[in-house]
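Enquirer: Here the protein sequences line up with chains F and S, keeping their order. If you use the numbering used here, the first sequence closes out at 267, no skipped numbers anywhere. If you use the numbering used here, the second sequence closes out at 263, no skipped numbers anywhere.
Keep in mind the hints are simulated off the structure, nothing from the lab. Cβ coordinates follow ideal geometry from the N, Cα and C atoms, glycine included. Wrong hints could be hidden among the right ones.
Some chain S residues judged to face chain F by a derived CB distance under 8 Å, without partners named [as the list claims (entries may be wrong)]:
#, residue
1, Glu129
2, Asp132
3, Ala138
So these bits of chain S aren't anywhere near chain F, every CB distance computed over 10 Å [said to hold, decoys possible]:
#, residue
4, Leu58
5, Leu62
6, Leu124
7, Ala133
8, Met137
9, Asn140
10, Val177
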Amino acid sequence: MSSQTLVELRDVNFAYDNRPILKGINMDFPKGKLVAIMGLSGCGKTTILRHIGGVLNPTKGHVKVDGQILHELDRLGLYEMRRKMGMLFQFGALFTDMSVYDNVAFQMREHTDLPEEIIRDMVMMKLRAVGLYGTQDLMPAELSGGMARRVALARTIALDPMLIMYDEPFAGLDPISLTVVGNLIRRLNDALGATSIIVTHDVQESLKIVDYVYFVSDGAIIAQGTAADIIASEESFVRQFVHGEMDGPIPFHFKGGNYQQDLRLRA
Amino acid sequence: MKRIIAGVRKLGNHTINLVWRIGMATHFFVLTLRFSGTSFARFRLTIRELFFSGVMSLIIILVAGLFVGIVLGLQGYETLKRYGSESALGTLVALSLVRELGPVLSALLFASRAGSAMTAEIGLMKATEQIDAMEIMAVNPIARVVAPRFWAGVISMPLLAALFSAMGVFGGYMVGVVMIGVDAGSFWSQMQASVDFEHDIMNGVIKSFVFGVAVTAIALFEGYDAPPTAEGVSGATTRTVVQSSLAVLLLDVILTAIMFRGE
Numbered sequence: 001m002s003s004q005t006l007v008e009l010r011d012v013n014f015a016y017d018n019r020p021i022l023k024g025i026n027m028d029f030p031k032g033k034l035v036a037i038m039g040l041s042g043c044g045k046t047t048i049l050r051h052i053g054g055v056l057n058p059t060k061g062h063v064k065v066d067g068q069i070l071h072e073l074d075r076l077g078l079y080e081m082r083r084k085m086g087m088l089f090q091f092g093a094l095f096t097d098m099s100v101y102d103n104v105a106f107q108m109r110e111h112t113d114l115p116e117e118i119i120r121d122m123v124m125m126k127l128r129a130v131g132l133y134g135t136q137d138l139m140p141a142e143l144s145g146g147m148a149r150r151v152a153l154a155r156t157i158a159l160d161p162m163l164i165m166y167d168e169p170f171a172g173l174d175p176i177s178l179t180v181v182g183n184l185i186r187r188l189n190d191a192l193g194a195t196s197i198i199v200t201h202d203v204q205e206s207l208k209i210v211d212y213v214y215f216v217s218d219g220a221i222i223a224q225g226t227a228a229d230i231i232a233s234e235e236s237f238v239r240q241f242v243h244g245e246m247d248g249p250i251p252f253h254f255k256g257g258n259y260q261q262d263l264r265l266r267a
Numbered sequence: 001m002k003r004i005i006a007g008v009r010k011l012g013n014h015t016i017n018l019v020w021r022i023g024m025a026t027h028f029f030v031l032t033l034r035f036s037g038t039s040f041a042r043f044r045l046t047i048r049e050l051f052f053s054g055v056m057s058l059i060i061i062l063v064a065g066l067f068v069g070i071v072l073g074l075q076g077y078e079t080l081k082r083y084g085s086e087s088a089l090g091t092l093v094a095l096s097l098v099r100e101l102g103p104v105l106s107a108l109l110f111a112s113r114a115g116s117a118m119t120a121e122i123g124l125m126k127a128t129e130q131i132d133a134m135e136i137m138a139v140n141p142i143a144r145v146v147a148p149r150f151w152a153g154v155i156s157m158p159l160l161a162a163l164f165s166a167m168g169v170f171g172g173y174m175v176g177v178v179m180i181g182v183d184a185g186s187f188w189s190q191m192q193a194s195v196d197f198e199h200d201i202m203n204g205v206i207k208s209f210v211f212g213v214a215v216t217a218i219a220l221f222e223g224y225d226a227p228p229t230a231e232g233v234s235g236a237t238t239r240t241v242v243q244s245s246l247a248v249l250l251l252d253v254i255l256t257a258i259m260f261r262g263e
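Work out the full structure: start from the sequences and follow the hints.
Expert: See below:
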């Protein structure tokens, strides 16, 4: 593992009930870079992210973060490692019984002994960084989808993590929120000097901001490269995915047996 | 033959699932006890849950206690009058409430009011990834979410049972003494003479404590184990009410057999 690599996946395999989900994944996430993992829904992207967060352990291979193999850490060691990570969940996962302020302050209160005045100042700074200064007294139910995502982002970066993971950060956002969140992800990555990993199937928005892309299909990497490489790729899966084409290796129809026979039609 | 094999297989599958779930529930309960330190070190977390499970259940407990006391007063008077023992009405009302009805009925009401709310809340927290978010933020959800609710349930249950019994005695007094005209002096003095602190009141408190542990543990496990879907959470909520009600009644049989063996 190079000193410039923060996260390393080597021959990561994972299966649920003997059903393989990840098949020999090798990935490197260099420090300070913003890397996307793309693929269709159900291809194993989020499972990869959960391995990097130490929520799941590989059945074979390893995930190394900041020089430490995650599945070899005990509970306290894993928690210590997670304090250096932040994760933005698909729909924010804000604590619905807490105000925006308490959500952003949550980790500061749990992991530090900072006085409340300092926590307050830090919360205001984080909210300002995501453009939501003034919303601190609102409850999550009072926020729009885009605002909730940004509050969750402020909570994610509360303790300036070295690694930020984003699980489908663009899902369900309107075009303006999409651009705002996309720009924020890039700006925060550069400002914090963090390493970011985005799991997404939003090609257009993510290719604008990422440094490198891994394409995953059926639990394996089928293509990788910079945004320019991906756009120029002649690989049929990547072409179909990036350009949203109907025809290609990804079939429209589910494998559902013999349709004509089912309707008692002659071939 | 195929049907028999399928039936046996289904039964075996069901049994394995049941044993598996009991094992998971036991493990969850042990973890809850193990990570209970936060609930006491940061007692305001537990106080917040005491408000939601205890204080918010007060109305239903007090009203139900009053109604049960009124019914006990009316039914008890009718029966005691046949034997010319109306003056023992206070004893009948108090012993029925303190030994049995207070702990059992308040536990059943607690299961449907606070237990179901705990299951739904934790189930929804899981469905909306709030539990996962906490785990990723290096905050143990069992210590932060589950244990304070558990101890709040365990603390509030005996208090609610005591209030239920007190309201029931008041209801019995209103019917027996104020409305029917049983002598107030004999109502209270017979009650005072026949209700033993250790044998009656403490056994009632122990019962309600055990019921509190059972109801809260079932509610929290069902919420934590609920599939993260609308059907999953609604099924878990139903299971909480059914299982904890049956557990309360079964435990009551066992505890009563141990505590009051007719000695």
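Enquirer: Confirm or reject each hint.
Expert: Here's how the hints hold up against the structure:
With its C-beta approaching chain F no nearer than about 4 Å, Glu129/S sits inside the 8 Å limit, and its interface hint holds. The restraint placing Asp132/S at the interface with chain F holds, with a minimum CB-CB distance near 7 Å, inside the 8 Å limit. Given the 8 Å rule on beta carbons, the hint for Ala138/S holds: about 4 Å separates it from the nearest Cβ of chain F. Distance to chain F confirms Leu58/S as a non-interface residue, since its nearest Cβ pair spans about 20 Å, more than 10 Å.
Residue-level check passed: Leu62/S sits 26 Å from the nearest beta carbon of chain F, beyond 10 Å. Not every beta carbon of chain F lies more than 10 Å from that of Leu124/S, the smallest distance being close to 8 Å; the non-interface claim is violated. At roughly 4 Å from the closest C-beta of chain F, the C-beta of Ala133/S falls inside 10 Å, breaking its exclusion from the interface. Here Met137/S does not stay apart from chain F, with its beta-carbon only about 5 Å from theirs, under the 10 Å limit.
With 10 Å as the threshold on Cβ separation, the claim that Asn140/S sits away from chain F is violated: the shortest Cβ distance comes to roughly 8 Å. In this structure Val177/S is separated from chain F by more than 10 Å, as the shortest Cβ-Cβ distance comes to about 45 Å.
Hint check: violations occur at hints 6, 7, 8 and 9; the rest are consistent with the structure.
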